[in-house]
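Novice: If you want the building blocks of each chain, they are given just below.
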Amino acid sequence: MDFTFSEDQLLFQDSVRGFLVNEITPERLRAGWDTDTGRDPALWQQLAELGLTALTVPEEHGGLGMNAVDFVLLAQECGYVALPEPLVNHALVAVPLLQDLGGELAARWLPLAATGEARIVAAVEQNLVVEDAHVADLLLLERDGQWYALEQGQFSCERNESVDPGRRLFSVAVPAGATAVASGAQAGSLRSATLNRGALGCAAQALGLAQRMIDLSVQYTADRKQFGKPIGSFQAVKHHMANVAVRLEYAKAPVHRAAYAVAEDAAAAGLAVAQAKLMACEAANLAAKNSIQVHGAMGYTWEVDLHIFMKKAWALANTWGDAGWHKQQVAAAIFADGAALGAGATFQ
Amino acid sequence: MQLAFTEQQQAFRSEIRAWLKANVPAEPLRTFDTEEGFQQHREWEATLNQGRWGMVTWPEALGGRGCDLIEWLIFEEEYYRAGAPLRVNQNGIFLLGPTLMEYGSEEQKARFLPAMAEGRDIWAQGWSEPGAGSDMAAIRSTAQRQGDKYIINGQKTWSTRAVWADWLFGMFRTDPESERHRGLTFILVPLKTPGITVRPIPQLDGLPGFAEIFFDNVEVDVSNRLGEEGAGWAVAMATAGFERGLMLRSPARFQETARRLVELYRANEASVSHDPQVREAVMRAYLDAESYCLSTYQTACRLSQGGKIGAESSTNKIFWSELDQNMHATAMSILGARAELLPHAPAASGVGHWLDGWLFSQSGPIYAGTNEIQRNIIAERMLGMPR
Ligand SMILES: Cc1cc2nc3c(=O)[nH]c(=O)nc-3n(C[C@H](O)[C@H](O)[C@H](O)COP(=O)(O)OP(=O)(O)OC[C@H]3O[C@@H](n4cnc5c(N)ncnc54)[C@H](O)[C@@H]3O)c2cc1C
Numbered sequence: 001m002d003f004t005f006s007e008d009q010l011l012f013q014d015s016v017r018g019f020l021v022n023e024i025t026p027e028r029l030r031a032g033w034d035t036d037t038g039r040d041p042a043l044w045q046q047l048a049e050l051g052l053t054a055l056t057v058p059e060e061h062g063g064l065g066m067n068a069v070d071f072v073l074l075a076q077e078c079g080y081v082a083l084p085e086p087l088v089n090h091a092l093v094a095v096p097l098l099q100d101l102g103g104e105l106a107a108r109w110l111p112l113a114a115t116g117e118a119r120i121v122a123a124v125e126q127n128l129v130v131e132d133a134h135v136a137d138l139l140l141l142e143r144d145g146q147w148y149a150l151e152q153g154q155f156s157c158e159r160n161e162s163v164d165p166g167r168r169l170f171s172v173a174v175p176a177g178a179t180a181v182a183s184g185a186q187a188g189s190l191r192s193a194t195l196n197r198g199a200l201g202c203a204a205q206a207l208g209l210a211q212r213m214i215d216l217s218v219q220y221t222a223d224r225k226q227f228g229k230p231i232g233s234f235q236a237v238k239h240h241m242a243n244v245a246v247r248l249e250y251a252k253a254p255v256h257r258a259a260y261a262v263a264e265d266a267a268a269a270g271l272a273v274a275q276a277k278l279m280a281c282e283a284a285n286l287a288a289k290n291s292i293q294v295h296g297a298m299g300y301t302w303e304v305d306l307h308i309f310m311k312k313a314w315a316l317a318n319t320w321g322d323a324g325w326h327k328q329q330v331a332a333a334i335f336a337d338g339a340a341l342g343a344g345a346t347f348q
Numbered sequence: 349m350q351l352a353f354t355e356q357q358q359a360f361r362s363e364i365r366a367w368l369k370a371n372v373p374a375e376p377l378r379t380f381d382t383e384e385g386f387q388q389h390r391e392w393e394a395t396l397n398q399g400r401w402g403m404v405t406w407p408e409a410l411g412g413r414g415c416d417l418i419e420w421l422i423f424e425e426e427y428y429r430a431g432a433p434l435r436v437n438q439n440g441i442f443l444l445g446p447t448l449m450e451y452g453s454e455e456q457k458a459r460f461l462p463a464m465a466e467g468r469d470i471w472a473q474g475w476s477e478p479g480a481g482s483d484m485a486a487i488r489s490t491a492q493r494q495g496d497k498y499i500i501n502g503q504k505t506w507s508t509r510a511v512w513a514d515w516l517f518g519m520f521r522t523d524p525e526s527e528r529h530r531g532l533t534f535i536l537v538p539l540k541t542p543g544i545t546v547r548p549i550p551q552l553d554g555l556p557g558f559a560e561i562f563f564d565n566v567e568v569d570v571s572n573r574l575g576e577e578g579a580g581w582a583v584a585m586a587t588a589g590f591e592r593g594l595m596l597r598s599p600a601r602f603q604e605t606a607r608r609l610v611e612l613y614r615a616n617e618a619s620v621s622h623d624p625q626v627r628e629a630v631m632r633a634y635l636d637a638e639s640y641c642l643s644t645y646q647t648a649c650r651l652s653q654g655g656k657i658g659a660e661s662s663t664n665k666i667f668w669s670e671l672d673q674n675m676h677a678t679a680m681s682i683l684g685a686r687a688e689l690l691p692h693a694p695a696a697s698g699v700g701h702w703l704d705g706w707l708f709s710q711s712g713p714i715y716a717g718t719n720e721i722q723r724n725i726i727a728e729r730m731l732g733m734p735r
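Note that the protein sequences, when read in sequence, are chains S and L. Residue numbers 1 to 348, in the working numbering, belong to the letters of the first sequence in order. Residue numbers 349 to 735, in the working numbering, belong to the letters of the second sequence in order.
One chain only, chain S, in its complex shape:
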């Protein structure tokens, strides 16, 4: 039993955090809102140079051969800065899916995914709209129980504007005559695995987002004075933030366990992911709610950065399976006859 990250994993997290916090400033995010694609090829190139696009690609295809446990801490950091580039989908969701699909498709695209020359994006039935379809060099899309591998230019996408100006969402129609790359039972199991990875990505980012909102609020309430003192010294304000800290603290281990279950392809990965996503997104939603409250009217403005993270947190809670969907997974597991519950059942 070793529920810790290795020194290397923690060091990598540190260096990625350093890079992201320096590069992905709120000013840069805001500048991206007004551009055509909202995405920045130069930034994607930098992420590739850090090895992030290659992280989960197998070594024989030019990658680092790492897994969800290696990536989960980085996904948290992506959340912390509200990274707009589709890195989490690419590395945590689409690349493993491409591996599962295998064959020529994988042999052709995995090396390009590793170098960052190709951005790969995946989406399943549960994704009403597809994030970043417009910049996907390869889109792996499940619709009506079939998987399609669509290259940029082979599909049309129609933009859906989100309340979060950082998100680029598209309705994608599978072109007539497209041939499926997987169907039947195989498509179903690929969907479950992909949904698990996508939801894990949301959960990990939600942890980062919650932490960012705490940090912004702690800073703001230390600076802002009323009644002659920093508002952060008022107990009602403190307790709002303490409540977030408690929920966030207890959402971390479930996310890390879910990453492990996904990496190990464990039978109970679906339950672990559902639990992680529910806990983490709930913590992030509470962070949003309490953070806007302690910011006062400032929190209700476009100008203050809080909304960047708040809106992303709201969106992630309903992406890759909304709360209701994940609760169903939990209910199915715990209300079943012979369910493994109680003391000693957690790691069975």
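Hint data in this document are derived by calculation from the structure and do not stem from the laboratory. Remember, it's a predicted structure, so these values are computed and weren't measured experimentally. Take the hints with a grain of salt, since some may be wrong.
Unchecked claim - With beta-carbon atoms standing in for the labels, derived distance ranges:
hint	chain 1	residue 1	chain 2	residue 2	range
1	S	Gln328	L	Ala486	47 to 53 angstroms
2	L	His622	S	Lys225	47 to 53 angstroms
3	S	Glu7	L	Ala370	39 to 45 angstroms
Ideal Cβ positions, reconstructed from N, Cα and C, are used throughout, including at glycine.
Dock chain L with the ligand against the given chain S, drawing on the hints supplied.
Specialist: Using the frame of chain S, we list chain L with the ligand on its own:
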């Protein structure tokens, strides 16, 4: 990361499971808030000790097994799974024992630890006073030095299990001029000493689970002092610190409550289906209990690799106490009109021990530092918000 138990850990689990199967009393003991139940639990402590299962985290030389935190968690899982009796001597084993090992002289260790392990000495805690609750530094009971004795005067209150306990550990003001955290001394007091009056205080269930204790010129030998004179605050903080979290309430307890809650829900599903919030709350209980378990394992692994526990440990107390309260509130909703009935009432079929648990869960957010105090600590020490 490797989330599976080693063979050695599995063997440890099998060993304790087999022992508990052979030794846990078939008939549940009476509550230790009765004289008879207290005696039964004292005997159970002796039985545990004979099997060397009393204090698994204590060193082998002291009758323990030198278990690390993961083995401790496994032990607890098996203990709760087996429905073994609550620990009447938890103050001694989990709080005072480790403090004695750190601050006690060799003479004190030899004098107190074996008797504690064998269940001969049951310990009560004496921090709170009528004027010193959340504000523990407001302690006013005094211990005046006279030669090699302390003369204790004053009053302690809310002392759990003090009605039938043998000893009390607590803090007294040895320097009458001192204020707040200074001038307090940690002293071990035999409760049978002349001048002590223990007055039971009935709790919500009507049973005397705690007591107030009056000291009228009580003489205690100086050799009963733990740590230096005037250094009691530091000793007390060591007692209350880390154990407050991991040892006081291990996840197994709440996971078993969550399991029983799922069972209760399923047994009553037809009658509660009109309230979808109940189903939601049962799921929430499972999720939170599991998360508490996962977080505890993660912390335990980090600590066993030399990590330090920080201010984030204050989140622990809030999390488990509110979880416990929510789970029992949910059980009360499921039981509906039966919820208020005592288990022996004719119409109280299937109520189990939920009512007792519900009453006790009301105290979780209060004892061991109220949840408001914990929230202050989180905000100030973990998040760095201004005082
Ligand atoms: C079941 C049970 C067992 C106990 N066992 C023991 C024992 O064995 N030994 C022992 O010494 N004590 C024991 N206690 C006492 C316990 O430690 C105290 O009850 C606790 O410290 C709170 O003190 P108080 O009851 O005086 O409440 P108060 O301090 O009067 O607090 C009342 C309310 O005011 C709030 N409050 C107080 N100060 C602040 C502040 N600064 N900021 C925000 N809110 C504040 C509290 O959070 C609480 O909600 C036990 C209590 C219970 C309920």
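Novice: Hint by hint, say whether it matches the structure.
Specialist: Consistency of the hints with the structure:
The hint said 47 to 53 angstroms for the Cβ distance between S/Gln328 and L/Ala486, and at roughly 52 angstroms that hint holds. Under the hint 47 to 53 angstroms, the C-beta atoms of L/His622 and S/Lys225, about 51 angstroms apart, fit the expected range. For the pair S/Glu7 and L/Ala370, the beta carbons lie near 44 angstroms from each other, so the given range of 39 to 45 angstroms is met.
Checked against the numbered hints above, the structure breaks none of them.
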